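Asks: If you want the building blocks of each chain, they are given just below.
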Amino acid sequence: MSITMDAATPTAAELEAKAQALKTSYKRKVYFWRTTILVLILGSWELAARTEVIDPFRYAMPSTIWGRLYEWTTEGTSEGSLWYNLWVTMEESLLGFFSGSAIGVLAGIALGRNQLAADVFALYIKLINSIPRVVLAPIFTVIFGLGLASKVALSFIMVFFVVFANAFQGVREADKAMIANARILGASDWQLTKAVIVPSAMSWIFASLHVSFGFAIIGAIVGEFVGARNGIGVLISVAKGTFDSAGMFAAILIVMVVALAAEYIMTALENRFAKWKPQAAMDNQ
Amino acid sequence: MTDTPAIELRNVTRQFLSPDGRSLVALRDFNMTVAKGEFAAVVGPTGCGKSTTLNLVTGLFKPSAGEVRVMGGPVTGIDKRIGFVFQTDALFPWRNVIDNVVAGPLFRGTPKAQAYAEGREWLARVGLSKFETLLPHQLSGGMRKRVALAQTFINKPEILLMDEPFSALDVQTRSIMHTELLKLWSENRASVVFVTHDLEEAIALADKVYVLTAGPATVKSVYEVKLPRPRNVADIRYDKDFIAISKRIWEDLKSEVQVAQSRQEKVA
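Going down the list, the protein sequences come from chains P and L.
Residue numbers 1 to 285, in my numbering, belong to the letters of the first sequence in order.
Residue numbers 1001 to 1268, in my numbering, belong to the letters of the second sequence in order.
Derived from the structure by calculation, the hints contain no laboratory data.
For clarity, every value in this text was computed on a predicted model and none was experimentally measured.
Hints are supplied without guarantee of correctness; some may be wrong.
What the hints assert, rightly or not - Straight-line alpha carbon distances no greater than 25 Å define the calculated PhoX-like cross-link-like pairs of lysine-lysine that follow: (1) L:Lys1226 with L:Lys1240; (2) L:Lys1266 with L:Lys1208; (3) P:Lys176 with L:Lys1080; (4) L:Lys1183 with L:Lys1130; (5) L:Lys1062 with P:Lys275; (6) L:Lys1062 with P:Lys176; (7) L:Lys1112 with P:Lys194; (8) L:Lys1240 with L:Lys1080; (9) P:Lys194 with L:Lys1254; (10) P:Lys275 with P:Lys194; (11) L:Lys1266 with P:Lys275; (12) L:Lys1226 with L:Lys1208; (13) P:Lys275 with P:Lys176; (14) L:Lys1156 with L:Lys1220; (15) L:Lys1266 with L:Lys1247; (16) L:Lys1220 with L:Lys1254; (17) L:Lys1130 with L:Lys1036; (18) L:Lys1240 with L:Lys1266; (19) P:Lys277 with L:Lys1062; (20) L:Lys1156 with P:Lys176.
As the list claims (entries may be wrong) - So these bits of chain P aren't anywhere near chain L, every CB distance computed over 12 Å: (21) Thr51; (22) Asn114; (23) Met256; (24) Ala274.
Ideal Cβ placement from N, Cα and C applies to all residues, glycine included.
Between the sequences and the hints, there should be enough to build the whole structure, so can you do that?
Replies: In structure tokens, the structure reads:
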């Protein structure tokens, strides 16, 4: 029996066009619902506050928050220019993030490759890790003062443990056959680390970097709450002192945008590094 | 001395500790001799300790008793003359085909240009020249095995250890890979230990077949396979001599497989 192409059998081009159309319409649906939900939430918030169902003084409302943001960007805040305050927080977060993740990765790989060191340090790492990081803020302020250093220290400690734990696990999960293969092919310890261990731990490390920039910002802002001259944390703190709810929400919104931008950059970087990974095939049905 | 065997295991016992602290015996009083240029196959029931023999030769495991000698000398660490093809995919997934193939020479300090030139040569030999820049996940299972073969052969191993290398491939691809392997091997004539649970594969490829007992493994019997080379692996299984020897070895192996089977059932 031969198979004939009749009208009911679509050609490859038709199939592809159909799949493309389905994909576009699905995407449109997703965007539609996303927008709708956002508008609904903001709209009902605004409405509830305006009709005083909720207290507009304590809950603020989208329009006043927007107003505060506008005011901050055009006229500056009580603590000086918004950009300067944002820069202070960013500087603290970035320094904490980069130092914390770099040292976290190094420590994770070093301990992951050395059983004895791992067993010895496991106790101390568990001990320090059991401390809720934010309680260190007052101590860091006492030790490092009100300036940059105390916030970077807190950011660092928030980031370090997450990245360390993942790098360590990533090293441990490296495929045994692949390691044996590299060894027999002639890799030295250092070559093995460079060519096999680090690349295979990379996906674990990236997973931790995604969350840890958020942690770095938490560290910086909590540090600013405890004591600082400038920064987004200070803006929130001052807004709290003057019962300025709109100011607090405005500051939160700024942090949100920054964190999202960082996440976007991280994903782009990760995609570039993880090109070798298989992509799941599309199921068009 | 020209008649020094390439690999010698003398009365080797290998014990190891299970996670709950009990001592398990993988090999007991194990004797095996592989001459230079000889192709030896090791068959035995699943889980009997076949792979342990290979790890003893690489130096990844140390014998609990007895002696392992490679090229007449004791095994100290990983020997540069040894090549190993794994059962699982041991290619580096983040490196493309050519970068995988040149890994060995680069680890061993060959200049880059020379390593890549050799790499291209080996890729041509396994028929993958066109796929140089593809990543392992873009290749079929058979192609990945070819890359693994090129990756191993480029180091010009004098001893080639293979741990069920083709067990994950479908039957047709496997038979193609057998031909490929014998072709590559006939060019460099390494001493081979090929571990498999597939008796036909063992006979089709090897000069000598070791039948192991159910674990703890020891050599039950050794068979010489006197089929002429070069062999046509695809057709050899219908050869009258092949069938005869295959029947004889299977009689021997069958009882061990049954022992292993009944033990597994007891555990389950």
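Asks: Take the hints in turn and mark each one as holding or not.
Replies: Here is how each hint holds up against the structure:
A hinted pair counts as satisfied when its Cα atoms are at most 25 Å apart, and lysine 1226 of chain L with lysine 1240 of chain L qualifies at roughly 12 Å. Using a Cα cut-off of 25 Å, the hinted pair lysine 1266 of chain L and lysine 1208 of chain L is violated, with the two alpha carbons roughly 33 Å apart. For the hint linking lysine 176 of chain P to lysine 1080 of chain L, the alpha-carbon distance of about 19 Å falls within 25 Å, and the restraint holds. For the hint linking lysine 1183 of chain L to lysine 1130 of chain L, the alpha-carbon distance of about 20 Å falls within 25 Å, and the restraint holds.
Under the criterion of a C-alpha separation no larger than 25 Å, the hint pairing lysine 1062 of chain L with lysine 275 of chain P is inconsistent with the structure, at around 39 Å. For the suggested pair lysine 1062 of chain L and lysine 176 of chain P, the alpha carbons sit about 18 Å apart, so the restraint of at most 25 Å is met. With a C-alpha separation of about 17 Å, the suggested pair lysine 1112 of chain L and lysine 194 of chain P falls inside the 25 Å cut-off, and the hint holds. Distance check on the hinted pair: lysine 1240 of chain L and lysine 1080 of chain L sit about 40 Å apart at the alpha-carbon level, beyond 25 Å; violated.
In summary, the hint linking lysine 194 of chain P to lysine 1254 of chain L is not supported, as the alpha carbons are separated by about 46 Å, beyond the 25 Å threshold. This hinted pair checks out: lysine 275 of chain P and lysine 194 of chain P have alpha carbons roughly 18 Å apart, not beyond 25 Å. A C-alpha spacing of about 47 Å is found between lysine 1266 of chain L and lysine 275 of chain P, which places the hinted pair above 25 Å, so the restraint is violated. Taking the CA atoms of lysine 1226 of chain L and lysine 1208 of chain L, the gap is near 9 Å; set against the 25 Å cutoff, the hint holds.
Between lysine 275 of chain P and lysine 176 of chain P, the direct Cα distance comes to roughly 22 Å. Compliance with the 25 Å bound is thereby established for this hinted pair. A C-alpha spacing of about 32 Å is found between lysine 1156 of chain L and lysine 1220 of chain L, which places the hinted pair above 25 Å, so the restraint is violated. As the CA atoms of lysine 1266 of chain L and lysine 1247 of chain L are separated by approximately 28 Å, the hinted pair breaks the 25 Å bound. Restraint check for lysine 1220 of chain L and lysine 1254 of chain L: satisfied, since their Cα atoms lie roughly 12 Å apart, inside the 25 Å limit.
With a C-alpha separation of about 35 Å, the suggested pair lysine 1130 of chain L and lysine 1036 of chain L falls outside the 25 Å cut-off, and the hint is violated. In summary, the hint linking lysine 1240 of chain L to lysine 1266 of chain L is not supported, as the alpha carbons are separated by about 39 Å, beyond the 25 Å threshold. A hinted pair counts as satisfied when its Cα atoms are at most 25 Å apart, and lysine 277 of chain P with lysine 1062 of chain L does not qualify at roughly 36 Å. Distance check on the hinted pair: lysine 1156 of chain L and lysine 176 of chain P sit about 24 Å apart at the alpha-carbon level, within 25 Å; holds.
In this structure threonine 51 of chain P is separated from chain L by more than 12 Å, as the shortest Cβ-Cβ distance comes to about 58 Å. No beta-carbon of chain L comes within 12 Å of the beta-carbon of asparagine 114 of chain P; the shortest separation is about 19 Å. Once the 12 Å rule is applied to beta carbons, methionine 256 of chain P is consistent with being away from chain L; the minimum gap is 34 Å. With a cut of 12 Å on Cβ distances, alanine 274 of chain P falls inside the contact zone with chain L, its closest approach being about 8 Å.
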